[in-house]
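There are 2 protein chains.
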Amino acid sequence: MSKKMNAFYAQSGGVTAVINASACGVIETARKHKNKIGKVYAGRNGIIGALTEDLIDTSKESKPAIAALRHTPSGAFGSCRFKLKSLEDNKREYERLIEVFKAHDIGYFFYNGGGDSADTCLKVSQIGDKMGYPITAVHVPKTVDNDLPITDNCPGFGSVAKYIAISTMEASFDVASMCATSTKVFVVEVMGRHAGWIAAAGAMASTDDNEIPIVVLFPEVEFDKEKFLAAVDEKVKKFGYCSVVVSEGVHWPDGKFLAETGLKDAFGHSQLGGAAPVVANMIQDSLGYKYHWAVADYLQRAARHIASKSDVDQAYATGKAAVEFALKGHNSVMPAIKRTSNKPYRWKIEMAPLSKVANVEKMMPASFISKDGFGITKKCREYLAPLMKGEDYPPYKNGMPKYVVLKKVAVPKKLEPFEL
Amino acid sequence: MSKKMNAFYAQSGGVTAVINASACGVIETARKHKNKIGKVYAGRNGIIGALTEDLIDTSKESKPAIAALRHTPSGAFGSCRFKLKSLEDNKREYERLIEVFKAHDIGYFFYNGGGDSADTCLKVSQIGDKMGYPITAVHVPKTVDNDLPITDNCPGFGSVAKYIAISTMEASFDVASMCATSTKVFVVEVMGRHAGWIAAAGAMASTDDNEIPIVVLFPEVEFDKEKFLAAVDEKVKKFGYCSVVVSEGVHWPDGKFLAETGLKDAFGHSQLGGAAPVVANMIQDSLGYKYHWAVADYLQRAARHIASKSDVDQAYATGKAAVEFALKGHNSVMPAIKRTSNKPYRWKIEMAPLSKVANVEKMMPASFISKDGFGITKKCREYLAPLMKGEDYPPYKNGMPKYVVLKKVAVPKKLEPFEL
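Chains as they are written, first to last, in the working numbering: chain F, 1 to 420; chain X, 1 to 420.
For reference, chain F alone in the conformation it holds in the complex:
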């Protein structure tokens, strides 16, 4: 690409504590190459912003505001759950993208998301060949689920892992204090519908310095009620208490989620409960132990206040590398994290072809789950530990984090409206 072109950047799918750090990496790096990249236009609410020509002019944001993205959780430009159909199935959307890109001199496309978004980015990267519009599309990895292939880990995961490990440790200390006369079992539900990476992090609460009795329920392991209750009972009898980390994706052998209780309310609506209360009630009914339960939900993926430094650094680095790859003319790629050493933890950024990333889901390897199916192996610990390493505290004002809210100045529209 010889002509100086503008860049499009957007955030997609469920947001994380560090996706804005990637945005920061993209925008700060683009600003350093003003001879090659004009402005960075962010899509308001992901790819939808490109389709509706709803673009945010990031050049209107101050340097400190962009820098503050590094310590601000969530998606500063708005995210979306929207998957482009294939070129064959919905040519109209691709033609609209080209129309918007042309109207705003956009030659670079940076899409920040997980597996589905990698697929969207892959499709956009093919516009050049298939529809004759030159675009350089680079995917910036992001997902708390840690399920993208090729990359050693996904930005967003390390911070959730740290949050869940710390929360499990803290709550376990709590129940250990109470167990003599009160609560004996604490159950926390974590995210991860298909892959048990986040649940695995809960087991990291038990350390070499202090063993904590924890039973983990993975989506990768079919739920066996008897075995599970026996495992909890054994730990309560030995330690006086037990913590349970249950993934939202835990299911019975027939594939039905534990969270689908089959309960109906007075109006006949089915009760959409969490897995944690189901497991907790099960423990009380069968073992008689007093319990407490928590559902972390958004708290876990938004918890920038206790983000992992490794994670923040990698989120920024992948955003930066995406721009550098694009400037070198690489299309249809993704910066992937390559672990080069465990102790000390060292990593570098490599380039992965998007065709090998899109629509591939990386599950927990069997070698990471302990034989009884309720814990993690040493290998898993060695994998997880560096990802949770280091603290990266946001600045505070009056006891509250100083997260930035951008001005989000709209780029004037040039085209007719588009119906989604």
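If you are wondering where the hints come from, they were derived from the structure by calculation, not from laboratory data. Just so it is clear, the structure is predicted and the values come from calculations on it, not from any experiment. Hints are supplied without guarantee of correctness; some may be wrong.
Beta-carbon label-pair distances, calculated as ranges [what the hints assert, rightly or not]:
id: 1; chain 1: X; residue 1: 287; chain 2: F; residue 2: 67; range: 33 to 41 Å
id: 2; chain 1: X; residue 1: 287; chain 2: F; residue 2: 367; range: 32 to 40 Å
id: 3; chain 1: X; residue 1: 86; chain 2: F; residue 2: 286; range: 37 to 45 Å
Ideal Cβ placement from N, Cα and C applies to all residues, glycine included.
Given chain F, work out where chain X should sit, using these hints.
Below, chain X without anything else, positioned relative to chain F:
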């Protein structure tokens, strides 16, 4: 008291992120007065440890271990839910206490807890007069519920408030990112069965710098479904999203908790759900908005990783003052926090008579709740802000907090066993 006596210290009721900071204050201060106080014996699992002669010799703990209590959540010596009956109703227990105190030369009694524990401490303080055993009993305030009278606030509350305010802010940033195409309402359930102090803290997520649409459901305000749904709907229509902070104690006009769903499982057991899923389902059924919900439970009161510095300082100071009061011969008292200035925040420790503390519950003043019943007033903000001020991070090792686990060496028993 002229003879040098040992001290008894114990933790009672639900633990907090900073109750061990009070323990640290008690033990470190006692160690500074070795001419007057011998050893500090901690009760294993609260007052039960005194009754069963299950004492922990804190002199066997190193100076760094005791110092580390300041940054360790939960009750390091074990807590209990156990209320002494009155002297008239259960003289046997008081006689046993005296027997244990005599056997171990205990002349000081420090009890660290909330309203019920203040009552226990008050009863022990009367042993001297009523049963002829000289003991100096001082209560050390602790409760996340912030419901003790006289004291401006209770150690333990400021840290929960900070955690809930930050978590609500972070999750609100998250839902704000998602609301265009996905989740529009986020519901978080917080502790506080009778008093809405913790729920009020959720409203602190909205600041002068960034307005966040939040609807708070207080236990002090009878639940009005229509008004509530209208409030949520209005905010979603204006902001695109809304966060709801619901106290576990929210109830219908007839006094029934929202969490009592009346739901039954396949075996006819009633489902002990939280208030959050009930509220969330209500929103979807009536307004059709996609929701997410979280239940913070123990995570909130154990979250030492984001404790308030004000809170940690005050927890330590009340422990320290308790020993100093006792050394001056004050019996049946409690160190209370007196706010002397709001900006800058200044406070000092005063002495409150236990007779005025025990069994009195301090609710949110009506002037702290906004007219519509769904928010907090400026006065409430001014009260809460200083309590959440400052961060007091624990040290970390390999990405995890370095919380201390004490050796808890038992004091050799001298008496016959006692049946509880």
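| Is the hinted range of 32 to 40 Å satisfied by the C-beta distance from residue 287 of chain X to residue 367 of chain F? | violated, 47 Å
| query | CB of residue 86 of chain X to CB of residue 286 of chain F, is that within 37 to 45 Å? | reply | Holds - the Cβ-Cβ distance for residue 86 of chain X and residue 286 of chain F, about 38 Å, lies within 37 to 45 Å.
| Okay, residue 287 of chain X versus residue 67 of chain F on CB: inside 33 to 41 Å? | holds, 38 Å
In summary, the one numbered hint that this structure violates is 2.
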